[in-house]
Amino acid sequence: MQSSEERTSPQTKSIMRFLRPTLNALGVPLLAVLTAMIVGGLIIAFAGGDPFMAYIGLFQGALGSPRALSETAVWASPYIFAGLAVALAFRGGLFNIGAEGQLAFGAVMAALIGYALPGWLHIDLPAFIHIPLAVGFGALAGALWAAIPGALKAYTGGHEVINTIMMNYIALNLTSFLLNGPMRDPNPLNVIARTPGIAESARIPPIFSGFRVHWGFILALLVALAVWWLLWKTTLGFEIRTVGANPDAAKYAGIDTKRTIVLTMALSGLLAGLAGTIEVTALNYRHELGFSIGYGFDAIAIALLGKTHPLGVVLAALLFAAMRNGGTRMQFLTQIPVDIISVIQALILLFVAADAIIRYIYRIRAREERVVLTRGWGG
Amino acid sequence: MTANIVLKAKGITRQFPGVLANDRVDFDLREGEIHALLGENGAGKTTLMNILYGLYRADSGEVYRGGQRVAFHSPKDAIKRGIGMVHQHFMLVPVFTVSENIMLGAETTRRGTLDRKAVAAHVRELSHQYGLDVDPLTVVGDLPVGIQQRVEIVKALYRNAEILILDEPTAVLTPQEAEDLFRIMRELTQRGVSIIFITHKLKEVLTVADRITVMRAGKVVGTVQPQETNEAKLAAMMVGREVILKVAKGEASPGENILQVKDLQVDDRRGLEAVRGVSFHVRTGEVLGIAGVQGNGQTELVEALTGLRPIHAGKVLMNSHEVTGKPPRPIIETGMAHIPEDRQRHGLVLSYPVADNLMLCTYYLPPFGVRGVIQPRAVDVNARKLVENFDIRTPSPYVPTSKLSGGNQQKVIVARELSRPIKLLIANQPTRGLDVGSIEYIHKEIIIMRDRGVAVLLVSAELDEIMALSDRIAVMYRGQIVATVAAAEVTRELLGLWMAGATPDKV
Ligand SMILES: Nc1ncnc2c1ncn2[C@@H]1O[C@H](COP(=O)(O)OP(=O)(O)OP(=O)(O)O)[C@@H](O)[C@H]1O
Ligand SMILES: [Mg+2]
Chain A
0 MQSSEERTSP QTKSIMRFLR PTLNALGVPL LAVLTAMIVG GLIIAFAGGD PFMAYIGLFQ
60 GALGSPRALS ETAVWASPYI FAGLAVALAF RGGLFNIGAE GQLAFGAVMA ALIGYALPGW
120 LHIDLPAFIH IPLAVGFGAL AGALWAAIPG ALKAYTGGHE VINTIMMNYI ALNLTSFLLN
180 GPMRDPNPLN VIARTPGIAE SARIPPIFSG FRVHWGFILA LLVALAVWWL LWKTTLGFEI
240 RTVGANPDAA KYAGIDTKRT IVLTMALSGL LAGLAGTIEV TALNYRHELG FSIGYGFDAI
300 AIALLGKTHP LGVVLAALLF AAMRNGGTRM QFLTQIPVDI ISVIQALILL FVAADAIIRY
360 IYRIRAREER VVLTRGWGG
Chain B
0 MTANIVLKAK GITRQFPGVL ANDRVDFDLR EGEIHALLGE NGAGKTTLMN ILYGLYRADS
60 GEVYRGGQRV AFHSPKDAIK RGIGMVHQHF MLVPVFTVSE NIMLGAETTR RGTLDRKAVA
120 AHVRELSHQY GLDVDPLTVV GDLPVGIQQR VEIVKALYRN AEILILDEPT AVLTPQEAED
180 LFRIMRELTQ RGVSIIFITH KLKEVLTVAD RITVMRAGKV VGTVQPQETN EAKLAAMMVG
240 REVILKVAKG EASPGENILQ VKDLQVDDRR GLEAVRGVSF HVRTGEVLGI AGVQGNGQTE
300 LVEALTGLRP IHAGKVLMNS HEVTGKPPRP IIETGMAHIP EDRQRHGLVL SYPVADNLML
360 CTYYLPPFGV RGVIQPRAVD VNARKLVENF DIRTPSPYVP TSKLSGGNQQ KVIVARELSR
420 PIKLLIANQP TRGLDVGSIE YIHKEIIIMR DRGVAVLLVS AELDEIMALS DRIAVMYRGQ
480 IVATVAAAEV TRELLGLWMA GATPDKV
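Chains A and B supply the protein sequences, listed in that same order. Its first residue numbered 0, the first sequence is counted upward by one per residue in numbering that gives the first Met the number 0. Its first residue numbered 0, the second sequence is counted upward by one per residue in numbering that gives the first Met the number 0.
For the record, the hints were derived by calculation from the structure and aren't laboratory data. Even for Gly, the Cβ is constructed at its ideal location relative to N, Cα and C. Take these hints with a grain of salt, some might be off.
[Stated by the list, open to error] Label pairs and their computed distance ranges (CB to CB):
1. A/Pro336 / B/Pro399: 41 to 47 Å
2. B/Asp76 / A/Ile206: 38 to 44 Å
3. B/Tyr397 / A/Phe210: 40 to 46 Å
[Stated by the list, open to error] Simulated coverage check for chain B against chain A, where a stretch passes if three residues somewhere in it have a Cβ under 8 Å from a Cβ of chain A:
4. 259-267
5. 322-328
6. 358-365
This is chain B alone, in the form it adopts within the complex (with noise of 0.2 Å):
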């Protein structure tokens, strides 16, 4: 392969306070490659690509696009050069159209008016051009994560972009988006266009990209072809040691009833059905997993059962107490833990330091909160803790956690519902956004919990993960519980049938 060198990093360092995220790297992407980048949580792959998008300045080291010095001084520059990112999230405004969102900062304008039609027009061409299958006119608000992602990306190619920057595109898509995402990406690459990709699906990584850099701490580990490497070269490679990718763990033994489900209904945001009569039961000592592709009320199930949204019809019972409609307060206060989907939305308090968000559920407390007032000192023994035993990366317990990388975010979270006494633990995407090292943690710590008697009902998208952990496994689709069997009496292939809506005989 000799294709042209496209982007260029050379002896890229870039220090934080407390921290070296970038230390002397060297990156380039070529003419028409899909490049991935792996790499722990906080080891500085967004960093960097904040760097050649012009958002961050580098301390020191060089960029060069298409053989040319360049030094982007936002990120304007960056998309002049033909670059584009797309961010996890989306910078799309929720009640504009899709074209209204892509001309959002290159206006087309008509005799001093906007030219919708002009706009629309040339989004129909690249949306076709590409099969990305976006249409102009809907309003981004009412589309799923994976089509405003495609949003992000035809606005990108709108503004010309020839180098794609798509950092962990693939943490909030179903298997199905991820696979549309994949074939888009290859169709891009077809035309000249090459792509960054960030992910910490190793799975991915081997089938969809021609080359994978892996960083650590910070540097460049090194650089590998797809064929000649396997997940667990690459997991090794990035966390330094060998990652055993499956959890060890016995035979659960289950105990009475902790949390009980009775014909639950609940409303989504809209106010239509998305829980359509669910029962269910979580004993002590055991891990009820429910599977099922994103969207069939499993965000609305968990927001139901801690107390975040109004029930319909139904009944929760936690711990013998009746908990049906109340406010997460009382909830939390029968023994509960709730990790949310959503870690930005609900998980924690961006401008806190870290040390606030590791207390967030229990501030009132002892011994957080001893007659109304806080205790620095017990939030400091708690915060060093937990930062110590959860290995989350943050050059002080007191920087505000929207400082942290998305990963040890998450770690955040993950420490604070875990570390106390609970009888409960309700766990969404439990892993999303984590490097194959942190989720060998904790899965570990979930078993731990498991085999110490907490009732464990998780909720992931993840295949892997859901049939790693759990001991019995529930099926939704569209709104119901469509199966419920022994994790140990079923395969894959079966879980994915009846995830894609197909009648299992025996239930």
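Extracted from the complex, chain A is given alone in its bound form (with noise of 0.2 Å):
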């Protein structure tokens, strides 16, 4: 059996093994955006506007200016944490609705390390230490809240979905309690639900000065990197991906399914803290009720659109934020309400989970697999 593959050299081979699938996920994903700018433009047209103009200031709003370019990274760090918590926990096999608690939990802890731990500890500690510590203890938080649901499904088979549910719930109102009660800003003059600034020594700074763009951003594109390598070259990564793909299988390979649930769901749980935990000690420096506008649902649509590879995530994480931060831009130049961004989010998350309308649209022809019949002895 000889075969192409086979015979070229072994360079162009590898670079084809890495670059083929990856042509192969992005076509989709690509032209349901496109697709959904296209319906965006017909109904901006139908209600009075005018197309180009919006996108233009879309464009420009996005990716215009520096300052532009910052915001988008701004907006993007979180969707890239919290994008990666959900593609992770579906290549467990899990669907983790609960990234937005998750990241709320995280946020209140980090702010509590960031602003009382000195006190607590009746000395300054140095930004080398006390961000870790924040950041640290802002991650675990979520680690915690997403291994609960996690532990639920493995050991009682309650299903992650409604456990999910259940803990934003939680922990959006235990969030609400602690910003109103014991962790609110005692300052005189603060009127809201909010926790006091952390300390100069929690706060990550801006990458350039005069920009808001932070580290943050830097160690979510590096976070990316160490997701892609946990789950396609460790063992832990073989154990998440395989339960994901096959549980039976997994069980059948001497992998402790149960163990790797609590541990997928944890890991999950701990990217969407970091999600949380970004936003409090590299942005707004103190924890407040609302800041997070539902990263934790656009995380299910940035993981679906990234088909759920973390290097797909972090791309849809950025389109997601260009077009959240493009949004003012274009509503001022245009006056069509930022809705409208909302709108072509939904549509490329609706071409994209009903990828038969894109296939049909551009005549791509489904991949033959998938019409082979699974579970065939014939084969």
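Two chains, each in its own frame: build the complex with the hints.
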């Protein structure tokens, strides 16, 4: 059995081995974005707006200046973390709808460590200790919050979708209680539910002075790389993916599926916790009720659009960030409400989820392995 | 014979990345005949059928239905032209009833609601007409495989199929169920239905087929009549060389006990007693065969021994470790290898590259996993070696395992399990779905393992396989071992009787 692949040089072979799945995976999402933009443009035109002006505004607002780029990166940071959280859980066969709650709980914990720890210890902490502590505890809080529904799934069979939603309610109400009560900023001028500002030593600095883009964005990119490495290069990643792809085979192979499920959820929550943590330590320097405008839910869309691959997640997060960020400029230029952005994002998601539409429009043939009937002895 | 040709393929060619699956294939089917299609694993049988059924498109070549050129874009088109296909494992919804499954996609409605009564009546009529004996109102999940397969046949007939494609229908059937299927097939042909029948079992082909076409490496080797051929000739045609249908093996020299099972009781999925107090042992250097009609507790026994199913009572000692109720990993680590019965459910992660499946049980051990990091070089070396040694037909070790033909998927499992240092091999239907050449190879490997001092527990529904490999044979019936005998001292007939429930005089 000779194959064409065997004959090409080893370098091209390994490059193609890497590229081909990436290209295949990118095709439908790219076309979905394009189609959503076109349909969005029609809607704008229908509403009496000028779609070209709108998209120019969107582009300028998102990428048109150093400040715009910086702001897009600021938006992208929590999106990347939260998108990775959902994607990692997906790879492990779990649907983590609870990123929102994990993120909130992580943010509370990061804020607490950020403003209260020096007081508790009666010392000034250096930044190289204080920042990792705040970030670490925020991440751990998210991990813990997700491990609970993970354990419920593994040991009682309780479905993670239901339980992560429940945990969202608990987290959001708990946050509200803490920010209105024990953790409320005691400053007499403060009238809203927020924590005191975190100590200087717990703040992650901006990368360039004068711009808000911070090292948390770089951290997000590095973490995406780490997630990729974890999933595809380590034995733990092999276990996570195997449990996700075929739990029966995982059990057969000697993998402790229950432990893996709890671990997968914990890791997913850790990433979600980082999303909240970064907003507190690198951007807002405190936790404020309602700072997260549904990052945890956008994360689901981002994970799906990114085909649950870390690289895809980064790209999808950047796209969502650009659209959110550019929307303001678009509204300013054309008076088209920013809500159109939500419509376009929803369309993208719709087209990615129902990829049959995209395949039909662009005459992409469904990849044939999908019609090979699964579970057949006949092969 | 000058019967009408109802279906004809001319010069069908289909290329997959790295494989020419069909190479200018000609094939025809006459009205009312059973045309058997034989060929090695990966020869291109399923591909050809998928093309005739509209699942795949041919790169070139023509398909004629009743003399008319057709181009099927999907199975819907094929069904419209009276072609039905039954895949090995079926596309039935387990929680639906038989008639609900049958009308799925071809719903009969009356004033906007499903007309269940009419469908049930029609199913009953069809079932009666062809002696299929299917009750339209039972829930499919409660039916044994053999009956589920008939539901698939009824489903095709309900859509007015005049041509039936059966892809390895007998691989998972008990001999009795297979007999019933043959009776049904003959009944169908008498009523003008034409059948394409794929199998690896040469005996079946010789008894049931009107014509036999053999494929090898994507090409048709030839078409013969069953009268003018025999098993050995067919095997040689398929593989392209002489195949020794009987393994050569010397005397066993058994040593100490490796597997010891005492009064084992195991429940099945529904909580009913499936294994009811079984005791036996397997020694180094011997093959213990467990014979029995499928569904007499063998599946549950193996799953319990390998840690996949809880044990109700009893004791299991493996390599002098007590492993009763332990999860799979510690059992595997005592030196156990397991070829599972359901390859796609337990044995493989279909979406993984072949290379990953070839280290599925040892990914965490050196050389594959070193300090928690997977070593791609070691994975690659292992994969290339096993693909070569076990003749796994794949364009590269990095294609998803789902792209391999059924038999080659099985070889991936066998290669993986036989290639690591083990003390005990538990093989459940190790050659199911394999061609004669591969069976020969795997049988030889199992005997080599035995001669190296591995203890082998072989579970098989194929009496031939049990007889060929075993040194001792235990017969399982209704969850109990009713007899254990030396293989040399027993006949097929006697085993058959015991499997059917006759009590042996001496044990
Ligand atoms: N969807 C696919 N993508 C890539 N290669 C494929 C695909 N389907 C089949 N092949 C390849 O085509 C060849 C023929 O496969 P096919 O399934 O037709 O074999 P088969 O004769 O049915 O074998 P078996 O007896 O093992 O079922 C194999 O080498 C297989 O790997
Ligand atoms: Mg096949």
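Each hint, compared with the structure:
1. A/Pro336 / B/Pro399: 41 to 47 Å: Roughly 45 Å apart at Cβ, these two residues keep to the hinted range, so it holds.
2. B/Asp76 / A/Ile206: 38 to 44 Å: 59 Å, violated
3. B/Tyr397 / A/Phe210: 40 to 46 Å: 44 Å, holds
4. 259-267: violated (count 0)
5. 322-328: The restraint on the segment 322-328 of chain B holds, since 3 of its residues have a Cβ under 8 Å from chain A and three suffice.
6. 358-365: holds (count 4)
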